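Sequences listed follow chains A and B, in order. In this text, residue positions in the first sequence follow the working numbering: the first is 1, and each later residue adds one. In this text, residue positions in the second sequence follow the working numbering: the first is 289, and each later residue adds one.
Treat the hints with caution; some may be incorrect.
Between beta-carbon pairs, the in silico distance windows are [said to hold, decoys possible]:
1. A/128 - B/428: 36 to 44 Å
2. B/567 - A/54: 26 to 34 Å
3. B/432 - A/113: 28 to 36 Å
Just so you know, the hints here were simulated from the structure itself, not pulled from any lab data. In this text, all values refer to a predicted model and were calculated from it rather than measured experimentally. For each residue, glycine too, the CB sits at the ideal point set by N, CA and C.
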Amino acid sequence: MIQEIISGLAMGCVYALVSFGFVLTYNAVRAVNFAHGELVLFGGYFGLIASSWLGLSLWIALLFSLAAMAGLGLVYNQVAYYPIRQRTSTTIIIASIGMSILLRNSALAIFGPDPLRLESFMGDGIIHIGTAVIPRHHLLILAVTLTLFAGQSFFFNRTAIGRKLEATAQDQEMARLMGINVNRMITLTFVLSALLASVAGFLLGPIWFLDPDVGMVIILKAFIVVVLGGFGSIPGILAAGLFLGVVEVLVASHLTSEYRDVISFLIFIAVLTILPRGFFGEKIAQNG
Amino acid sequence: MKEGNHNILAGLFSLGVALVLPVFFIDSRYTLNILNLAGIFVILTYSLNFVHGYLGLISIGQAGFFAIGAYITAGLTMAVGLNYFLSLFLAAIASSIAGALIGFPATRIRGHYFVLITLGFGEIVRLIILNWKEVTNGTNGVNNIPPPTLGPWVFDSRVSYYYLILFFIVFTLLVTLSLRRSKYGRSMLALKVSEQAATLMGVNPTVNKLINFCLSSFFAGLAGGLYASYIGSISPEPFGVNLSIDVLTMLLVGGSGTIAGPVIGASFLVVLKEWLRFMKEYYMILYGAGIVLVMIFMPDGIAGLTRYLSVRSHPAASETGGSTERTSRH
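With the rest of the complex left out, here is chain A (with noise of 0.2 Å):
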């Protein structure tokens, strides 16, 4: 039971940590952004060509996932959203989906279509509590997005840069009329929810393995902790996500396996018509 919920734990940390990226660039736009899940893949497959293809050590290898990241997030900014910045979010919604569909098949011409594993730091060592089993790899997951979950509270709170990124999401006009650069906050809010991605990348790559479509698959998991936090809620998406991660375990153990991502989305369809604010979030039906 302990192994199962720590599992779930983790895996609900990981489903976090993408919808936490997922959101940032949704309240800097205002479009949900369907190519997350991909730029999570390839924050895991850029680990990927650096520790496998390049035999480089686990570190240099989250450095340069992290510094190619950047520069993705860049790049998806200047080529899906600035030029279309001021057309309607169904637009910026259809760009993200193309940017998806382009890199996912990229993914498969680079790295073929096989479940490729990537290493953890932890290695494949586990720890014993009574008669659980529980990978380290589990606990690191754990650490890091506690770690990054309570770092973001100061971030936006506290430094000068993160509350003008806050000031941009809440109100860009406002912040417009402030003095705060728009453009570059929200090309900076890209390249955050990219290096966010890679982080992910780097936790799921050694429990899930790394396939063209793990993108999609994820993206429709931080879709629900996303409606299940509030979108309004960073804290909200934590404890969404973990509950999706704990709810998805027990489920698939104790009720049925085939049917769990049936009963994750019919929490979900549920919650969007029965508990529109989210757990913690804005009002749904307010949000044109």
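Position chain B relative to chain A; hints supplied.
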């Protein structure tokens, strides 16, 4: 009035071209196959037009309704032994009931949440088809689906199927046109421009959205039923999110909210995918890049582009319905 006559002439001309088109390809089973697939996608794209073109909502669940139509048509003809056309009609009705079920919560929410709810629906349908092995035969799918029969006629050749699909395209088109001219059509366009203003004028947004939803899922189910008996075997694999995204792309590339858009978009992209096939895995990369480029350079699609060009060459004809048909911000 003059504008209307032009449109009727253009419509009759297109129908005439569509009627004689297979004559040129009578020996090419390959080309006929592409034409038939394009035709099925035309209906599916029209089905999305009811939701996106009239309400401005993005649905990424069209594959779910398509799958319901396909599996129920196959089930009713094979397991129950009903006539094909009755099965097709019942399957489309079943699909529109599913549309009403998913449409009801969806009418209460807007914008991106709607995208997510339709996406969730599409995934639920796919997962059920994949896992409910007793009924759907899981990943193996349903095979040897018989061709449609109507009295003495059997639609088992590609040419005969072409005319069957064309018949249903015309049917879909007539429903779309009559909706456009009806009170409901006008209410829906009003809703798309401003829900608040339309509600104040006495338009009931929930009823209107539900009607559109049911129509949309009805025609998506119909397309699914046509697909199942045309291909002859169905499995869960083609009914994923990618299919829904393809349909959305077809609508947007063609031009959403227009009459010609779905035909142009679906035919163009089906043919384009065939042309690019020689590039193997690279063609989907180009396809994705193409979507981004279309959004940057022609957000109103090909139909929007032709309108834009004709407005530029005849400045007097500008402002003829252009603004109401553009995608509204939501």
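Going through the numbered hints above, which ones does this structure break? Give me the numbers in ascending order. none
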